[in-house]
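These protein sequence lines map, in sequence, to chains A and B.
Numbered as in my numbering, the first sequence ends at 1147 without a single skipped number.
Numbered as in my numbering, the second sequence ends at 186 without a single skipped number.
Please keep in mind that the hints were generated in silico from the structure rather than gathered at the bench.
It is possible that some hints are incorrect.
[To be verified] What follows is a list of derived Cβ distance ranges for each label pair:
hint : chain 1 : residue 1 : chain 2 : residue 2 : range
1    : B       : His20     : A       : Asn1034   : 29 to 35 Å
2    : A       : Asn804    : B       : Thr5      : 34 to 40 Å
3    : B       : Val14     : A       : Tyr783    : 31 to 37 Å
4    : A       : Arg906    : B       : Thr5      : 37 to 43 Å
Built from N, CA and C at the ideal position, the CB exists for glycine as well.
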Amino acid sequence: MATVTQRRRHGTPIYEHSRIPHPTPSVLTTSEELRATGDIMTVNFGPNHPSTHGVLRLIVDLYGEDVTGLEAVVGYLHTGFEKNMEQKTWWKCITYPERIDYVSFQNNEYVFVAAVEKLLELEIPAKATWMRTLLCELNRIHSHLVWLGTSALELGAISMFWYAFRERDLVLDLFELVTGERMHTRYFQVGGLAEDIPRGFYPEARKFCAWMPKAIDDYETLLTRNKIWLERTQGIGLLSADDAIALGQSGPVLRGSGVDWDIRKDEPYLAYHQVDFRVPVYPEGDVYARYRVHMDEMRESVRIVDQCLDRLENMEGEPWIADDRKVVLPPREELHTSMESLIHHFKIVTEGFRVPEGEAYVAIESPRGELGCYVCSDGGPKPWRVKFRAPSFVALQAAATMMQGALIADMIAAVGSLDTVMGEVDR
Amino acid sequence: MTDFGAVPGLVELIDAHGETTIVVTRERLADAAAHLREEHGFNFLSDITAVDYLGWGDAGVSGYIGTPAGRDLNTPMTQGYQALPQAKPKRFAMNYHLLALRATRPERVRLQTWIDEGEAVATLIGVWPTADFHEREAFDMMGVGIDGHPNLKRILLDDDWDGHPLRKDYPLGGEPVRFSDAV
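With the hints as extra help, turn the sequences into a complete structure.
Listed below in structure tokens is the structure:
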């Protein structure tokens, strides 16, 4: 826990002893002398390329095989989520964050709901808190599996992709069992969960928890000491701890650079202060370190899911959503007998509930790092402004620092290890 | 509770929902940022959010249900507020969400400054390099000027895009069809 220190002395310019390009931190520029040789070739990589995890465009200057210049161009997937959310009532907005980062949908859904709950000062029942923790961790496993499968595929480990997606399907089956949807579940409501947890979920989740560690063992047998994998990842895409903090990196990238920082541990939310888990930290700052962080995190997530199940199994019959009728939809069966419930239902569905005036920022540890949600309300039924602090968007800025003096072949490994989801970058 | 009384250009300290907001003048923003990093250990910039407050509170208070043109039954949400929201000093707010990333007692604050149309804020790349993309996004989406940014161009939209879509006066869904007159 003691690795986070204030190492920069007072008054030291941020660029001293740092590999961050100057003056633009996200753009690596080819030097004039090198350009004068006439041997610089500019390559346009993407936006449609199988290794860009979406539609990322990189403009790369090459001197032979050395990368001398790099600029990331984003925005090809911009869909205006934030503008759209301003036109919808608060409860209709919940579907949007899930689609921003379509791989870690459950975490995105949670961060928005949590921000609204912060403004409403709403208390959440214990059962909902534990179920949210469980689903966020399942989602972390899902997201890491997608990262593992696609990143290994890009480096030539094709079989890895099939194994990772086999287990990913098991996670999606669990989501389907609980929510009826495999992805973009819209299961979190403001106030708790949309439905009670179905019977039959617990034994299925237990089966998954028993199986998953063996699957991770299999992955590690394939990769962790694989000569090809080691040579493609070790010492590649270097990022020091200070540079990672200065560039706002978070999640596995930050922990792979030796900084012991995990919002689940350091600023606990949901039920994370009540579960036992370890934060994996690797000091090397290369692609391999990030890979190790991802693998260890999956193991820890399985442990958290197991502990959540221990609690949830003893919560049969407890409420799963808060009892504030001005915000939460009344129980379906009451609509047939209670006029008051019918009115509340009608008002919430048509007009939406009002959120007190104010602004709030909530940050959680999504699979990709610090996912923040800023909401601003004017006291009406629609958000005045919603803004997402997307970890992938910030992670892309580190590409220029990581690629200094690297080879073109390592670019795929380095950019892939940032675990970017372009939907989240462009929003 | 940390004492932020010595932050340069301090206008106001606000505590709400367990969050501290430090409002500073636009001119002293860069000094305030450097001060917070050096003296208070805010070494990590999480996010920059620009907010447009044009039309803030214009819907009026509910009770008076309707407009001079009559009540619009199709948009029940226009019925207004229960109480008028607090007036804002200027049109745009720039919110810098800072984090003191350290092993003991991590802390978050929001550094806030207000600007009007046509005014610009200083770039904070020299304080936190991660401000690069965030400032370009604020410029692209909200049209906030950033003084001293070495690479200030649009980031999410096309370079030749007209307007700044997250502004409140940007038309919704009325995007002109390009090349439509060339048919």
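Now the hints, each set against the structure:
1. At about 32 Å, the beta-carbon gap between histidine 20/B and asparagine 1034/A stays in the expected band of 29 to 35 Å.
2. Range check, asparagine 804/A to threonine 5/B: Cβ separation about 37 Å, and the 34 to 40 Å hint holds.
3. At about 51 Å, the beta-carbon gap between valine 14/B and tyrosine 783/A misses the expected band of 31 to 37 Å.
4. As the Cβ distance of arginine 906/A to threonine 5/B is approximately 39 Å, the hint placing it in 37 to 43 Å holds.
Of the numbered hints given earlier, the model fails hint 3 alone.
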